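Which chain is which? The protein sequence lines are H and X, in order. Residue 294 in the numbering used here sits at position 113 of the first sequence, with consecutive numbering throughout. Residue 74 in the numbering used here sits at position 59 of the second sequence, with consecutive numbering throughout.
Derived by calculation from the structure, the hints in this document are not laboratory data. Predicted, not measured: the structure shown is a model, and the values here were computed from it. The C-beta atom is built at its ideal place from N, Cα and C for all residues, glycine as well. Treat each hint with caution, since some may be false.
[Claimed, not checked] List of simulated lysine-lysine pairs, DSS-like, C-alpha gap at most 25 Å:
id	chain 1	residue 1	chain 2	residue 2
1	X	Lys181	X	Lys77
2	H	Lys339	X	Lys77
3	H	Lys262	X	Lys77
4	H	Lys337	X	Lys77
5	X	Lys77	H	Lys211
[Stated by the list, open to error] Chain H is nowhere near these chain X residues, computed Cβ spacing over 12 Å in every case:
id	residue
6	Ile32
7	Tyr70
8	Thr102
9	Ala125
10	Ser143
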Amino acid sequence: MNLKKLFIVFSMFVLVFPLVSAGVGISWNKETSLVPENTKTCLTYKVYNPWPDDSYVEIELSEELLPIVSYVESETKFVPKNTPSSEAIPVEFCFKTPRIYEQDCLLFDKLICKQDCLEDMQIYSGEVIVLESNDYKSSGGSGGSATAISVSAPLKVKVQCVAHKRNYSLIYIVVVLIAGILLAINLLNKKRKKNKK
Amino acid sequence: MSEKKKGILSWYSVVLILVILVFAVLLIIENTKPATGKTIDKISLTGHATESSTYSNVTIQKYLSIATCTNMSLGILFGDVSELPATNINASHNYDGASSGSSLCVNVSADSNTPVDFCIKANTDLTSIDLDVIVLANETYQNSSTTNLTLPTTSPEIPLTTGYVKSGDNIAAGSENYYRFWLDVPASQPSGDYNNTVYFKGVTTSLACGA
């Protein structure tokens with residue numbers, strides 16, 4: 182009788198909780214990011230776990246995106262069991278786009294520049310990957326293959342070239358400073374001569 | 016002579032002041048131009064014209080979640096092999112599911128709003144602690160969205176690779192993708208425990224697996 186009850190309870194457990202391990206989930210609402218060159222920007226993705234076991238996940242970027250990424254929140258994130266997509270946990274990563282488009286500069290390749298933006302737009306295509314953390318996962322026994330799972334969302338980073346004319350402000354400032362200094366010297370000389378008289 | 020000098024100095028001061036003024040004005044003009052170099056539009060006045068606008072917005076959200084079945088999470092185990100050579104050794108859970116199906120599977124959560132394609136790869140050959148290897152081409156698999164005695168099929172066996180390849184297309188939310196694995200061990204294989212890791216990745220259907 183007791184065995185029968187135990188069997189019924191076990192059967193109910195199996196039916197209610199499917200035989201699955203901890204899982205990983207990703208939620209996103211942006212697949213393309215248009216960012217001006219040489220600009221830092223942050224994107225937020227969300228992780229969730231609708232499965233009946235707690236899980237630990239890490240967020241990674243695919244190789245194609247690594248040249249432009251300066252920082253990814255790389256610590257292992259705990260995602261409690263039964264976390265639905267509506268209560269997904271945000272994970273942020275930031276990146277700085279490189280300066281890739283040609284500039285025409287008058288001084289030292291850096292000063293008094295103009296940018297015509299004649300080149301094609303540079304696009305980095307890759308993925309944001311959420312993977313089950315190996316640190317918290319049991320391996321596949323004494324012989325055979327351990328298993329690991331991940332989910333990914335596509336991400337395209339379009340690096341925007343912002344055209345601008347040559348900026349002469351620096352020259353103006355330098356000339357004004359020189360003129361101001363000369364004027365000050367001139368006035369001082371005048372004053373000195375007046376005092377002598 | 017001194018009056019002449021005084022006159023020159025005054026003239027010089029006036030020129031300097033003019034230079035400062037001109038450059039200050041130029042600086043202001045330069046800095047008030049729009050960044051694109053376009054000129055600022057003139058202000059225009061029109062009569063009897065009405066216009067209204069409203070904001071329109073839509074956010075497209077995608078989400079997907081996967082989990083391995085319990086037996087898959089424990090690993091792909093081939094047990095003890097006592098006779099060599101051995102070909103097509105079944106993974107221990109290839110046929111222990113319902114209706115003699117496989118119990119090695121990956122689930123797509125019902126809490127997903129996009130069908131999922133599965134990708135599979137292994138990190139390396141099956142390797143012993145002493146660095147003996149069973150080449151990855153000897154570890155093979157098949158997959159199917161349903162399972163029974165004949166599904167996933169036993170042929171063609173697909174060798175695992177170190178790069179992701181598709182191993183299940185358009186798996187709907189709330190469904191599973193089943194796998195069977197086999198291993199060939201050559202006659203000359205040194206004894207020992209051999210391990211590697213097999214990775215499963217879920218991507219939005221029709222997208223490439225990536226690296």
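We went through each hint and held it up to the structure:
Proximity of X/Lys181 to X/Lys77 is assessed by CA-CA distance (about 20 Å); at most 25 Å being required, the pair is judged to hold. With a C-alpha separation of about 21 Å, the suggested pairing of H/Lys339 with X/Lys77 holds against the 25 Å cut-off. For the hint linking H/Lys262 to X/Lys77, the alpha-carbon distance of about 20 Å falls within 25 Å, and the restraint holds. Between H/Lys337 and X/Lys77, the direct Cα distance comes to roughly 16 Å. Compliance with the 25 Å bound is thereby established for this hinted pair.
Our distance criterion of 25 Å between C-alpha atoms is met by X/Lys77 and H/Lys211, whose separation comes to about 9 Å. At roughly 7 Å from the closest C-beta of chain H, the C-beta of X/Ile32 falls inside 12 Å, breaking its exclusion from the interface. The non-interface label for X/Tyr70 is consistent with chain H: the shortest C-beta to C-beta separation is roughly 18 Å, beyond 12 Å. Interface exclusion of X/Thr102 from chain H stands, the closest Cβ pair being 17 Å apart, more than 12 Å.
Residue placement check: X/Ala125 does not keep its beta carbon more than 12 Å from all beta carbons of chain H (closest about 8 Å). Remark: the non-interface label on X/Ser143 conflicts with the geometry, its nearest Cβ contact in chain H lying 9 Å away (cut-off 12 Å).
In summary, the numbered hints that this structure violates are 6, 9 and 10.
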